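Hints are included, so try docking the two chains, each in its own frame, into the full complex.
As you go down the protein sequences, you meet chains A and B in turn.
Each residue of the first sequence is one higher than the one before, counting from 367 in this note's numbering.
Each residue of the second sequence is one higher than the one before, counting from 6 in this note's numbering.
It should be emphasised that the hints constitute simulated quantities derived from the structure, not laboratory data.
It is possible that part of the hints are untrue.
[As the list claims (entries may be wrong)] PhoX-like mimics (lysine-lysine), calculated; alpha carbons at most 25 Å apart, straight line:
(1) Lys-712(A) to Lys-221(B)
(2) Lys-221(B) to Lys-145(B)
(3) Lys-34(B) to Lys-703(A)
None of these values were measured; they are calculated from a predicted model.
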Amino acid sequence: MSNLRSLTFDAIIIGGGGSGLRAALELAKSGKKTAVLSKVFPTRSHTVSAQGGITCAIASDDPNDDWRWHMYDTVKGGDYIADQDAAEYMCSEGPKAVFELEHMGLPFSRLDNGRIYQRPFGGQSKNFGEGGQAARTCAAADRTGHALLHTLYQNNLKNNTVFLNEWYAVDLVKNASGDVVGCIAMCIETGEVVHVKSKATVLATGGAGRIYASTTNALINTGDGIGMALRAGFPMQDMEMWQFHPTGIYGAGTLVTEGCRGEGGYLINKDGERFMERYAPNAKDLAGRDVVARSMVMEILEGRGCGEKGDHVFLKLDHLGEEVLGKRLPGIVELSKTFAHVDPAKDPIPVVPTCHYMMGGIPTNIHGQAITMDESGNDHIVNGLFACGEAACVSVHGANRLGGNSLLDLVVFGRAAGMFIEGALNEGIEYLDASESDIEFAMKRITRWNESEGGESIPELKAELQEIMQTSFGVFREEKNMLEGVDKLAKLRERIANAHLPDKSNAFNTARVEALELDNLMEVAEATAIAALERKESRGAHSRYDYPDRDDVNWLKHSLFFPATKELKKRDVNFKPKTVDTFEPKVRTY
Amino acid sequence: MSNLQVSVYRYNPETDSAPYMQEFQVDTKGRDVMVLDVLHMMKEQDSGLAFRRSCREGVCGSDGMNMNGKNGLACITPLSDVVKNNKLVLRPLPGLPVIRDMVVDMGLFYKQYERIQPYLQNDTPAPAIERLQSPEDRDKLDGLYECILCACCSTSCPSFWWNPEKFVGPAGLLQSYRFLADSRDTATRERLSDLEDPFSVFRCRGIMNCVAVCPKGLNPTRAIGKIREMLLADAT
Chain A
367 MSNLRSLTFD
377 AIIIGGGGSG
387 LRAALELAKS
397 GKKTAVLSKV
407 FPTRSHTVSA
417 QGGITCAIAS
427 DDPNDDWRWH
437 MYDTVKGGDY
447 IADQDAAEYM
457 CSEGPKAVFE
467 LEHMGLPFSR
477 LDNGRIYQRP
487 FGGQSKNFGE
497 GGQAARTCAA
507 ADRTGHALLH
517 TLYQNNLKNN
527 TVFLNEWYAV
537 DLVKNASGDV
547 VGCIAMCIET
557 GEVVHVKSKA
567 TVLATGGAGR
577 IYASTTNALI
587 NTGDGIGMAL
597 RAGFPMQDME
607 MWQFHPTGIY
617 GAGTLVTEGC
627 RGEGGYLINK
637 DGERFMERYA
647 PNAKDLAGRD
657 VVARSMVMEI
667 LEGRGCGEKG
677 DHVFLKLDHL
687 GEEVLGKRLP
697 GIVELSKTFA
707 HVDPAKDPIP
717 VVPTCHYMMG
727 GIPTNIHGQA
737 ITMDESGNDH
747 IVNGLFACGE
757 AACVSVHGAN
767 RLGGNSLLDL
777 VVFGRAAGMF
787 IEGALNEGIE
797 YLDASESDIE
807 FAMKRITRWN
817 ESEGGESIPE
827 LKAELQEIMQ
837 TSFGVFREEK
847 NMLEGVDKLA
857 KLRERIANAH
867 LPDKSNAFNT
877 ARVEALELDN
887 LMEVAEATAI
897 AALERKESRG
907 AHSRYDYPDR
917 DDVNWLKHSL
927 FFPATKELKK
937 RDVNFKPKTV
947 DTFEPKVRTY
Chain B
6 MSNLQVSVYR
16 YNPETDSAPY
26 MQEFQVDTKG
36 RDVMVLDVLH
46 MMKEQDSGLA
56 FRRSCREGVC
66 GSDGMNMNGK
76 NGLACITPLS
86 DVVKNNKLVL
96 RPLPGLPVIR
106 DMVVDMGLFY
116 KQYERIQPYL
126 QNDTPAPAIE
136 RLQSPEDRDK
146 LDGLYECILC
156 ACCSTSCPSF
166 WWNPEKFVGP
176 AGLLQSYRFL
186 ADSRDTATRE
196 RLSDLEDPFS
206 VFRCRGIMNC
216 VAVCPKGLNP
226 TRAIGKIREM
236 LLADAT
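Just chain B, with the same shape it has in the complex (with noise of 0.2 Å):
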């Protein structure tokens, strides 16, 4: 089998006026590998190629980018579900200003999700023990919870690509859906008027490109229909 055709995206402040493709030869010995393990053989070659990564095993979020077109995370992605004709080419998350090769800076994606307060919210004081709460109440975060902030979404999204300062981003809302559907959190109210504007959660269009994308199989579109029925409800 021939050599993994592989082409990088390779910026860095210091030396380079413009970013530019970079081809790589790497050689897999035929192996199914993931994407990550050519991002290491790669380094192997060029010490200076940069990536993030942490985990390897799909939970921590580090290693989300552009792969043949689609964004995902490079630590489970194998080639076979990525590679055509043995070529593979590798960006960083689209819409994010690159810090260099694939970091790219990931605060305006934070900034929305601070900024929909992700944390529990409740007035009412703690008992000495837990709060209770049903399993059919707990069922319900189930699928939003899971969200591992790896901006695989909010960086396939056309919405976000045009307002990343307004549209919070399917990732934002996904939490902020988490905390609204969550028996133990009693700021629904505050948490609904904060999102009342045209923009926040209305610039969603339903494209979709945030269901095909996640890597923990998650469904933000569905999460920003529900917040937006809860919205029409409390307007009416």
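The following block holds chain A by itself, in its conformation from the complex (with noise of 0.2 Å):
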């Protein structure tokens, strides 16, 4: 095996989204020896597709907002399963970042003062609840995920970041005491397959909506980083929330912004009704995300819903007028007209409840690192492994993220992973090196790919994932269901194991890219149904008909996956902010 080529980096990070590009500018302008590896070109990255903006108090709209409003509504909207030291750092540290970006020549929209445009989001309210509706969502009209993720690439290439575009992270590699040392990975122009050495590793390879039929995620939203933190034995923290974002485009699954709620859109049923009234009846159309998908589910399963199925709900946007769209949603109007073949400015957009969003994920603390759990109960740090974005789980989500705290999640944590790592450098990381048979163990998989001679069609399998999440382990769950899901899984893997990759060429090989995508498909839809069948309560995204309420006596916890023996165990939330006092849970309304 040592005719692996080998690259050494001080610090690699798998993912060139938001997240990784804001983790690599920190290390970049540190002047450590960086690369960025990731499969697409950096601008490729599903951060681009993010529409409405990121959120942050920065007292642009209302001078006297406070980011103690936004870290309530951040850990009332995650139903309280947050960690609260995680969401004071990020909405106390969120301003700071915000600015960065501006400075770095985002093209943020304009208040008539020069400051930053912002706009209503769901969940936002000020002065804890009680003052009414916020506007904190920073936003560069409909296109904010584009602006922000050009930008970051841009001032890394001002940075001269070395980038590894187009080169695939198979696998990571362990020393014998369990550190990780780097990882495996392939460059997809050539097919050769090298062994990167790090002293830091950062999985920012972001979510995996792809494990549904339907979803807003891109198709390279696959679960890169989570499959290769299972596989290499590490656990996953709260796996069974998963946002299902209220405005997919039926049928596409294309995003529709919740911006569109916040510029004043609203959600009708077959009868006209701005049905949101009766569901919540302060924040309406801008309650949490998870309200407003299960109102709409709700709506279509009382036979409320729209078109000949009734199966979809209608986004009514036409009163805003064409002025309102083409200045603050130009994007939506552009994706309505291709996707739903419908002119926003004269009649409503066809949408449902889509995949969007993993609030779980690799469990970190705010430096990214990170953590395990011991038999006891107590956490450790995994040494050389470092999370951030979507697929780390800090966990400033809990249960149900609001919308526009997934782009200042991805800078404030990049950011803060950057930093970190650069501190534990000029201190200095000595690990023991891989091993041969540590090398080996990492190249498994591709191996077993590359030897395949028969054996089930790799599109086909992933179909099948994509149905039986779809099915089981939608807005809406049930243990029967839910048992027949984990079933059908675990014989689904099985033939997974036995796949066939038809061809072995080397040269742009985009079949074995999606083999080994398909794996870690099949590692986050595991994980997914278990921790989704375990957790016996209904909180935030996670919605069962068979426990339909908040269990804070025994679930007022963080679920933690352990793929060594699929088990699910419990993790303390931590209820301990340094600077404000505890957001004690209340009962969630809108």
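Right under this line is the structure:
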């Protein structure tokens, strides 16, 4: 095996989206030998699809805005299993991170006074829920993710970050002590497989929405970092928590930003009724996403859905007028015409709740250090392994993420991980080198695919997996259905282990990449399914017919899925912010 | 309805001595799907078919390609926009080296993007909050910052085909103007002096293929015109 070429870096960042690029920028500025390894050219990462904005108390729309109010909304939005030390860090550091983005050139929309434009988003309040709707989401029209990702890429160019573009990370390499000391990666263009050695390995691989048949996520969102970490034996946190975005375009799954409702749009059923007034009398269409998504499904199930099959509802925007649509929501007008054949200035957009975001992921502290837990429930740092962005579970989103908090999470914790790694490298990091057998272990999977001689086809197995998840682990869940899903997934795992990669060529072999991605989808799906089955309550995005209530006595906890035993354990939620009083769990209404 | 006849460019450097066109029959069940959907259907028939894709909604710029003679994004191009007589011919973006099938080497394209220093430069100390910008000044960036680097424009430009090393090309110049037009950028003079040779900007012949193909509806020719004006004003 030692004929593998090796590349050596101080830090390797796997993933070129918002969090990876923000971490890389910090390290590039510090002069550490850093590389970003991304399976797509960085600006093709899924951050580019974020639309509505980045939520942050920069006190532009309201000069009296306060990051503590944002923190309160975040903790409440997460149905009280967000870690309060992490939410505190994100909301208080947020303004600094947003101003940095602006200084880097991000073309934010502006208010008349020249400050950054902010729009209302779901779950936002002033004065700890007492002061009415806030407008806290900083926006660049409805293309904020695009503007943010390009700005970060540009600033990485400015700072001479090393990019390994169109390289695919296959698996983590652990040494004899269990420290992560790099990864196995493949250059997609040539097929060459190399051993990347690094003192810090950052998983910034984003989400995995492609475990569902219907998702707003890019085709590349296959949970590669989650798969790598699980195969390396590390636990995953809160994987049952998947956000279904209320407004995916019916049939196509493409996202329509919550900013539409922030700008004054609203949802209607087949009778033209603004039904959210019944479910959330105060916040109405700007309640938490989990609340709105469930309300939509209730309308559909009770026969008030729209269209021939009554299986969707409408998002009404025409009353906003062409000027507001053109100025604030130009991308939505485009997407709606392309994918729904509807001009929103004239007709409502057909929408349906669609898988959007993974609240769970690799448990980390606020420095991005990956965490595992021992038999007695004590946390331990995993040496050498870091995660940030959607792949991580810090956890600031708890059981339900607020709109606009994803982009903030990316830049705040990407930056935090970068700063921490810089400090650690300065202090000096020494780990044992990986042995031949350690490397061989990490090569097992790609070797298996390369030697496969027959078996089922990759696209068909992927479609089956997506169908199982869609059917058994959707907006509403119940035991019987989930047990069937878990059972089907167990069989599917066997079949995937024997599936066939027909094309063994080296040059830009996308079939091989898709084979490797399928393994990751399988890991994510299994962790999701078992966590969903075991969490016997309803909280945030996890909603069960058989356990309809939140159970704070037993489940005011993170779930932690351990891959070796496939067991689900509980981990304490942090209720100890450093500078503010704890937000005690309350009944969550909007 | 009969099957769609798709003719697609194939080349695998490991096995093919020369590129060739391969014929596929695709059953779209009469639906007006996107070209990207058709590519996925073909890949189910032949997993070796290589093409790039990511967001599948026209914002990441991965799947720029030539469809029945015109560059565009496969994911937001419905068959009804391009198919004639039930035939669809798919080729990689013209003018760039092919790595495999529909996948081109974008190196030259990215190099020209990097050349224009595509990042905000401001030599004054940053304030504790954001730099202020009036809505009118911000409006000047509309139609510029939205570029997704798909390369549809530059690879449809004859001037870029001839001088890809020396002519920045429509995508790079659009981005160059995005920073020249930004009230927060203070490197105007340096940016212009970097472009004043006969090739970088002035090789644009106003053919306007870039405008015709931009999937985001942007107008690089207009931006190039603005840079020319600035260069000429600067020279006098």
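Going through the hints against the structure:
Distance check on the hinted pair: Lys-712(A) and Lys-221(B) sit about 22 Å apart at the alpha-carbon level, within 25 Å; holds. Distance restraint check for Lys-221(B) and Lys-145(B): the Cα-Cα separation of roughly 17 Å lies within the 25 Å cut-off, and the hinted pair is therefore satisfied. With a C-alpha separation of about 22 Å, the suggested pairing of Lys-34(B) with Lys-703(A) holds against the 25 Å cut-off.
Figure legend: structure checked against the earlier numbered hints; every hint is met.
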